[in-house]
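Participant: Chains A and B, in that order, give the protein sequences. Using the numbering used here, the first residue of the first sequence is number 1, and each one after it goes up by one. Using the numbering used here, the first residue of the second sequence is number 1001, and each one after it goes up by one.
Honestly, the hints are just simulated from the structure, not real lab data. Even for Gly, the Cβ is constructed at its ideal location relative to N, Cα and C. Some clues are possibly wrong.
[What the hints assert, rightly or not] From chain A, some residues computed to sit far from chain B (all C-beta separations above 12 angstroms):
id, residue
1, Gly2
2, Met38
3, Gly98
4, Lys119
5, Arg134
[As the list claims (entries may be wrong)] Mimicking EDC-like on lysine to aspartate or glutamate, the simulated pairs with C-alpha atoms at most 16 angstroms apart in a straight line are:
id, chain 1, residue 1, chain 2, residue 2
6, A, Lys97, A, Asp76
7, B, Lys1482, B, Glu1469
8, B, Lys1372, A, Asp111
9, A, Lys119, A, Asp101
10, B, Lys1372, A, Glu114
11, B, Lys1150, B, Asp1122
Single-letter residue listing:
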Amino acid sequence: MGRILVVDDEDAIRHSLQRRLEREGHTVHTASAAAAGMEKIQSGEASYDLVITDMSMEEGESGMQMLCAALERDPDIQVIVLTAYGNVRNAVECMQKGASDYVEKNIPDVDVFELLVIKAERALIQRSCRLQARNAA
Amino acid sequence: MCACFVERTESLLNRALTAHDLGAFFQDTLQQALEATGGLRAFLAGIDPATGAMHVLYAAGPGWTESARLNRLYAHNRTEGGITAHAARSGQLWVCPDVHSDPYYVEHFSDVQSEVAVPCFDTEARVCGVLNVQSQRPAAFAPRHCARLKTLAAAAALALALQEYRERERNLVEIGLQLSVTQQKGAFLQSVVGAVQRALRCEACSLFLLDEGTQQLVLRASSSSLAGKEGEVVYTPGEGLTGSVVLTGETIRLEDPRTDPRWKGRHPEFVPDAMGAFLAAPISGHRGIAGVLRASRPRTGPTWFQARFTESDEQMLRAIGAQLGAALENRSALEQQLHNERMAAWGELSARSAHMIGNRVFAIKGDLNELKYQLAESPACSEQVTVLVNGLEQGLYRLEDILREFRDFVVATRIAVSCCSINDLLAEALSETVPALCPVKVCTDFEPNLPALHLDATRLRRAFAELIENAISFQPETGWLKVASCLTGREEMESQVRLNPLQTYLKITFEDGGPGVPKDRKEQIFTPFFTSRVRGMGLGLSIVRGIVEAHYGIIAETGTAGEGARFEIYLPVPRGAQGTGAQLPGKEIKHGTDFGGR
Chain A
1 MGRILVVDDE
11 DAIRHSLQRR
21 LEREGHTVHT
31 ASAAAAGMEK
41 IQSGEASYDL
51 VITDMSMEEG
61 ESGMQMLCAA
71 LERDPDIQVI
81 VLTAYGNVRN
91 AVECMQKGAS
101 DYVEKNIPDV
111 DVFELLVIKA
121 ERALIQRSCR
131 LQARNAA
Chain B
1001 MCACFVERTE
1011 SLLNRALTAH
1021 DLGAFFQDTL
1031 QQALEATGGL
1041 RAFLAGIDPA
1051 TGAMHVLYAA
1061 GPGWTESARL
1071 NRLYAHNRTE
1081 GGITAHAARS
1091 GQLWVCPDVH
1101 SDPYYVEHFS
1111 DVQSEVAVPC
1121 FDTEARVCGV
1131 LNVQSQRPAA
1141 FAPRHCARLK
1151 TLAAAAALAL
1161 ALQEYRERER
1171 NLVEIGLQLS
1181 VTQQKGAFLQ
1191 SVVGAVQRAL
1201 RCEACSLFLL
1211 DEGTQQLVLR
1221 ASSSSLAGKE
1231 GEVVYTPGEG
1241 LTGSVVLTGE
1251 TIRLEDPRTD
1261 PRWKGRHPEF
1271 VPDAMGAFLA
1281 APISGHRGIA
1291 GVLRASRPRT
1301 GPTWFQARFT
1311 ESDEQMLRAI
1321 GAQLGAALEN
1331 RSALEQQLHN
1341 ERMAAWGELS
1351 ARSAHMIGNR
1361 VFAIKGDLNE
1371 LKYQLAESPA
1381 CSEQVTVLVN
1391 GLEQGLYRLE
1401 DILREFRDFV
1411 VATRIAVSCC
1421 SINDLLAEAL
1431 SETVPALCPV
1441 KVCTDFEPNL
1451 PALHLDATRL
1461 RRAFAELIEN
1471 AISFQPETGW
1481 LKVASCLTGR
1491 EEMESQVRLN
1501 PLQTYLKITF
1511 EDGGPGVPKD
1521 RKEQIFTPFF
1531 TSRVRGMGLG
1541 LSIVRGIVEA
1551 HYGIIAETGT
1561 AGEGARFEIY
1571 LPVPRGAQGT
1581 GAQLPGKEIK
1591 HGTDFGGR
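Could you put the whole structure together from the sequences, leaning on the hints where they help?
Facilitator: The structure is reproduced here in structure tokens:
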């Protein structure tokens, strides 16, 4: 089970994601803006295992800001970027900068919440592998 | 010839070239004619190039009044009598030493004893006027007098031609101005027709434009008996002389259109018996032939007069047609630009709305996800509730489908070009779109070494993929799809698609063995929200057309319903790109390559 931060300016989305991920047994914190999200990443004793952030909130670059803040705190933090359908250019850029994955919010015929659960699981495994490798080294 | 006459004639000609108003020149010429021959009266008659009617333009000597000048040849035009009419008809100088015994002479002034009429010729060697000198003395005109009068007649002919060219120039300038001013399209076309009528000196000028929807030639402006029937008078391309111009892109110039096998006489400007000279030229622009300009003259002049249009008339009408075509395209480009700006604003709004709707849908999907979980946990869950939840879920997926199409549509006409090979794009679209186990047999026929073009590779691949998907989806059991590329030649002009005969196109064809498209739906399928498929919003082919048109291309469905669909795309090849130098190294694509399929 992981410590997850969900950052999205839409209350309903934030709550849905929190509820769904908590059902999987994760500890989920939320933030409704990039600034609040970054503050949560930077403060706190333990770092988050996974940050799920919307690509564009009040500013277009907010997803990128979250990513940078997270990796600065802990290079092994996993970041999943949420993006609008067809607007993957920024998401790809995030991947190149170190995000572990991205999810398009509106994929027809796909229950994106289930997809997110799977992707979150995969990201957490990746993080524990990297931590183990780091400890072994 | 005496030095005095030569000197005076030279000075006359010099004045003709520099004078703004040629009236004084003609008066001086008549005065010179009287002095050089010892004559009493002289006049210069002009011949209307449209009707052949003669009018006394200028007169000198005693006894002339304005009404005498205007009426002098009035009866002659009807009876074709008089020595002036005889000189015009025969094209020969006619000397009448004794008016009382001349077979052609018609008396006007009773003091006349002898008379001479000298024809003037225009640049096409047609009689354009007659110089007439009268004397109170019998046999007053000796050969030396006639020689001088011939020189003066030639000078007058030059001045008449100069006057004609100036008038034509004025009218052409006016047409140019009309083309550049912004006004309502109907008024604009009507003013062009009026200016063409004056420039060509024709009684009737009509302007037809091809209707984009019906592909019929529709009357849009006329200065003839057809005026008032705009929108009602219609020709099918290929029908009659006017319809032929659209198909061939050639001008048609005839002295008597009724003798031409193409003549149908469906909507003539005059009753068939009165139908005279005919001239029609295409209104052609960058994107093909947009319509026809047609000029005609009635057969009302004297029997000897041929009211034909000249080669220079033909060249002029063709040039006006080309300018008008360009102007119409500019107008539509301007309208397109305004439309694009509105679309851009609309697109911005749409993109924001789509983003917000997408977020809401995503949130609702979250609640739905939770609801499904709760229902699964609850043993009391009724089957009806599950059906409702599934229905909600399907509804949301459908909404996402619509959002996807909507976004694709909004971005379809934004183009980012790079130099690429059409054959590569086609091959990529095929390999991305055709599934490995496809029931449709796919084959290709790509012309090798096609010129590279500046295209938006991503968008065109998307357009090709849509057409390929269409062909496959309409043949679920078994079928075939043939994709071909080539450069168009002259024979393509025969096709159903209206192309500019002066433009080379890269032609791409998608042909399949599906149900095809009924004749009455061939245009409709490219309009947004038209679909015969169950899925999707019906934006697919309108997106394809948006992409093709953003490349200044043309797309049309030319198949036969029941035999299969045939989509033809024509992308204009810029001049200079046709050569072999512009080819891309690209992937080598062989003729007849098979892609997947059974």
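Participant: Now, for every hint given, state plainly whether the structure supports it.
Facilitator: Okay, the hints, checked on the actual structure:
1. For glycine 2 of chain A, the condition that its CB be more than 12 angstroms from all CB atoms of chain B holds, with the nearest at approximately 19 angstroms.
2. Every CB of chain B is more than 12 angstroms from the CB of methionine 38 of chain A (nearest about 21 angstroms), matching its label as outside the interface.
3. With a least beta-carbon separation of about 25 angstroms from chain B, glycine 98 of chain A lies farther than 12 angstroms from that chain, consistent with its non-interface assignment.
4. No beta-carbon of chain B is positioned within 12 angstroms of the beta-carbon of lysine 119 of chain A; the least distance is around 15 angstroms.
5. Residue-level check passed: arginine 134 of chain A sits 34 angstroms from the nearest beta carbon of chain B, beyond 12 angstroms.
6. Between lysine 97 of chain A and aspartate 76 of chain A, the direct Cα distance comes to roughly 13 angstroms. Compliance with the 16 angstroms bound is thereby established for this hinted pair.
7. Among the hinted pairs, lysine 1482 of chain B with glutamate 1469 of chain B is consistent with the structure: their alpha-carbon atoms are about 13 angstroms apart, no more than 16 angstroms.
8. This hinted pair checks out: lysine 1372 of chain B and aspartate 111 of chain A have alpha carbons roughly 11 angstroms apart, not beyond 16 angstroms.
9. Only pairs whose Cα atoms come within 16 angstroms are accepted, and lysine 119 of chain A paired with aspartate 101 of chain A is accepted, the gap being roughly 8 angstroms.
10. Between lysine 1372 of chain B and glutamate 114 of chain A the CA atoms are separated by roughly 12 angstroms; this keeps the pair inside 16 angstroms, and the hint holds.
11. Between lysine 1150 of chain B and aspartate 1122 of chain B, the direct Cα distance comes to roughly 14 angstroms. Compliance with the 16 angstroms bound is thereby established for this hinted pair.
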